[in-house]
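Protein sequence lines, in the order shown, are assigned to chains A and B. Under the working numbering, read the first sequence as residues 683 to 799, first letter to last. Under the working numbering, read the second sequence as residues 5 to 121, first letter to last.
None of these hints come from the bench; they were simulated from the model. Warning: the hint list may mix true and false statements.
[As the list claims (entries may be wrong)] Label pairs and their calculated CB-CB ranges: (1) T754(A) - T74(B): 33 to 43 angstroms; (2) K55(B) - E697(A): 25 to 35 angstroms; (3) A6(B) - M765(A): 22 to 32 angstroms; (4) L728(A) - N66(B): 25 to 35 angstroms; (5) G690(A) - Y78(B): 36 to 46 angstroms; (6) R26(B) - L738(A): 37 to 47 angstroms; (7) Q791(A) - N66(B): 21 to 31 angstroms; (8) H764(A) - S57(B): 40 to 50 angstroms; (9) P799(A) - G20(B): 40 to 50 angstroms; (10) G63(B) - P712(A): 16 to 26 angstroms.
Beta carbons are placed, not taken as given, at the ideal position from N, Cα and C, and that holds for glycine.
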Amino acid sequence: AQSVTQLGSHVSVSEGALVLLRCNYSSSVPPYLFWYVQYPNQGLQLLLKYTSAATLVKGINGFEAEFKKSETSFHLTKPSAHMRDAAEYFCAVRVYAGGTSYGKLTFGQGTILTVHP
Amino acid sequence: EAGVTQFPSHSVIEKGQTVTLRCDPISGHDNLYWYRRVMGKEIKFLLHFVKESKQDESGMPNNRFLAERTGGTYSTLKVQPAELEDSGVYFCASSQVRGGQSTDTQYFGPGTRLTVL
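Bound conformation, chain A alone (with noise of 0.2 angstroms):
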């Protein structure tokens, strides 16, 4: 059965400074790792994902994660922050079901990051 552990449910940073969402999955076959983010009063939106394409994924909104196998990780991060980024930040993992149906997404905790100005 996979697994995913988000290191850290609350992380603060500065408007303009670096953000690091950290992500580890478990995983007996490859997996499709995603992350995703909710706002405010709204549903969750899809990020970025890797699908077995290049290890380094680039997203919506200047995000970016890199699939590292050795590490088991799957690290979400963005160069400048903004503080239209304040949000929760989901990291996911499927692994592919057979047939037609890729099968249940596995979550992390969750990670709510706050800009401050």
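Based on these hints, arrange chain B on the given structure of chain A.
For chain B alone, coordinates are given in the frame of chain A:
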């Protein structure tokens, strides 16, 4: 194109009552998923429909929960009778089957916040 919609956005009921949550997936999406986030915990998978068939219901907590997707369009999730531990946010997601293979992006609705008193 309309996104995934969920109704109601909030529901407050008393223990022992019945509540029905509804999810309308993106038009043409055959995959429909239900997830739940209990306060302070991670988002957890409940079940997965492919059209009107239940593909995976391994996450359903007990037989007080009944999910249906008649006609393969919208889905309902009924909780009867509701218990205090059922409180949380219920998310619905959908994804597309294209050419016999599911795409690997799940699109989420805004969620229904259920409070059981």
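Hint check results:
1. T754(A) - T74(B): 33 to 43 angstroms: 41 angstroms, holds
2. K55(B) - E697(A): 25 to 35 angstroms: 47 angstroms, violated
3. A6(B) - M765(A): 22 to 32 angstroms: Holds - the Cβ-Cβ distance for A6(B) and M765(A), about 29 angstroms, lies within 22 to 32 angstroms.
4. L728(A) - N66(B): 25 to 35 angstroms: 31 angstroms Cβ-Cβ, so the 25 to 35 angstroms window holds.
5. G690(A) - Y78(B): 36 to 46 angstroms: 37 angstroms, holds
6. R26(B) - L738(A): 37 to 47 angstroms: With a Cβ separation near 40 angstroms, R26(B) and L738(A) satisfy 37 to 47 angstroms, so the hint holds.
7. Q791(A) - N66(B): 21 to 31 angstroms: 23 angstroms, holds
8. H764(A) - S57(B): 40 to 50 angstroms: For S57(B) against H764(A), whose Cβ atoms are near 44 angstroms apart, the range 40 to 50 angstroms holds.
9. P799(A) - G20(B): 40 to 50 angstroms: Given range 40 to 50 angstroms: holds, Cβ gap about 48 angstroms.
10. G63(B) - P712(A): 16 to 26 angstroms: 23 angstroms, holds
Of the hints listed earlier, the one the structure fails to meet is number 2.
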